[in-house]
Amino acid sequence: MVGRDLRLAPARFRWLKGVNRTLWYALHSADTAKVFVEGAGVQAQARAEVHASKLGLPRPGLMVTQAIDGLQAELESIGLVFARHVITPKRREASDLPVMTAVYAAQPPVVDEPSE
Numbered sequence: 402m403v404g405r406d407l408r409l410a411p412a413r414f415r416w417l418k419g420v421n422r423t424l425w426y427a428l429h430s431a432d433t434a435k436v437f438v439e440g441a442g443v444q445a446q447a448r449a450e451v452h453a454s455k456l457g458l459p460r461p462g463l464m465v466t467q468a469i470d471g472l473q474a475e476l477e478s479i480g481l482v483f484a485r486h487v488i489t490p491k492r493r494e495a496s497d498l499p500v501m502t503a504v505y506a507a508q509p510p511v512v513d514e515p516s517e
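In the working numbering, the protein residues as written are 402 to 517.
No wet-lab data here; the hints were simulated from the structure.
All residues carry an ideal CB built from backbone N, CA and C; glycine is no exception.
One thing to keep in mind: the hints can contain errors.
[Said to hold, decoys possible] Here are the simulated SDA-like cross-link-like pairs (lysine to any residue), alpha carbons at most 25 angstroms apart as the crow flies: (1) LYS435 to MET464; (2) LYS435 to TRP416; (3) LYS435 to ALA468; (4) LYS455 to THR466; (5) LYS418 to THR466; (6) LYS435 to HIS486; (7) LYS435 to ARG413; (8) LYS455 to HIS429; (9) LYS455 to GLN473; (10) LYS435 to GLN467; (11) LYS418 to LYS435; (12) LYS455 to LEU428; (13) LYS435 to ARG422; (14) LYS418 to LEU463; (15) LYS435 to GLY480; (16) LYS435 to GLY457; (17) LYS418 to ALA431; (18) LYS418 to LYS455; (19) LYS418 to ALA468.
[What the hints assert, rightly or not] The following label-pair restraints were derived from C-beta to C-beta distances: (20) ALA484 to PRO411: 29 to 39 angstroms; (21) LEU463 to ARG422: 13 to 23 angstroms; (22) HIS486 to ARG413: 41 to 51 angstroms; (23) ILE479 to ALA434: 16 to 26 angstroms.
Between the sequences and the hints, there should be enough to build the whole structure, so can you do that?
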């Protein structure tokens, strides 16, 4: 995504900001040294696709995770955000009752109450 390829002044698509803010920031940031954070994911994906095409590789999958991680690391390094701690979700215990049986049961299944 290069601004020279766009050939469209940002004032021409000002209406887009109200419709799709992320796309507006990405298009407005095309071919500039400083980009808006809101469009960083789109910019990272576009740059990855351009780089892959130059190397003759197939188009890569979504690369926005790298943009998010880079932004998080940069903001942590200058002290604007706290370090991100990954919270592992708690898993429920698996039921012995098959899902479809539980869904279509005439009466709700009986669940053993934990003993105290």
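Checklist entry - Out of the numbered hints, which ones does the structure contradict? => result 6, 9, 16, 18
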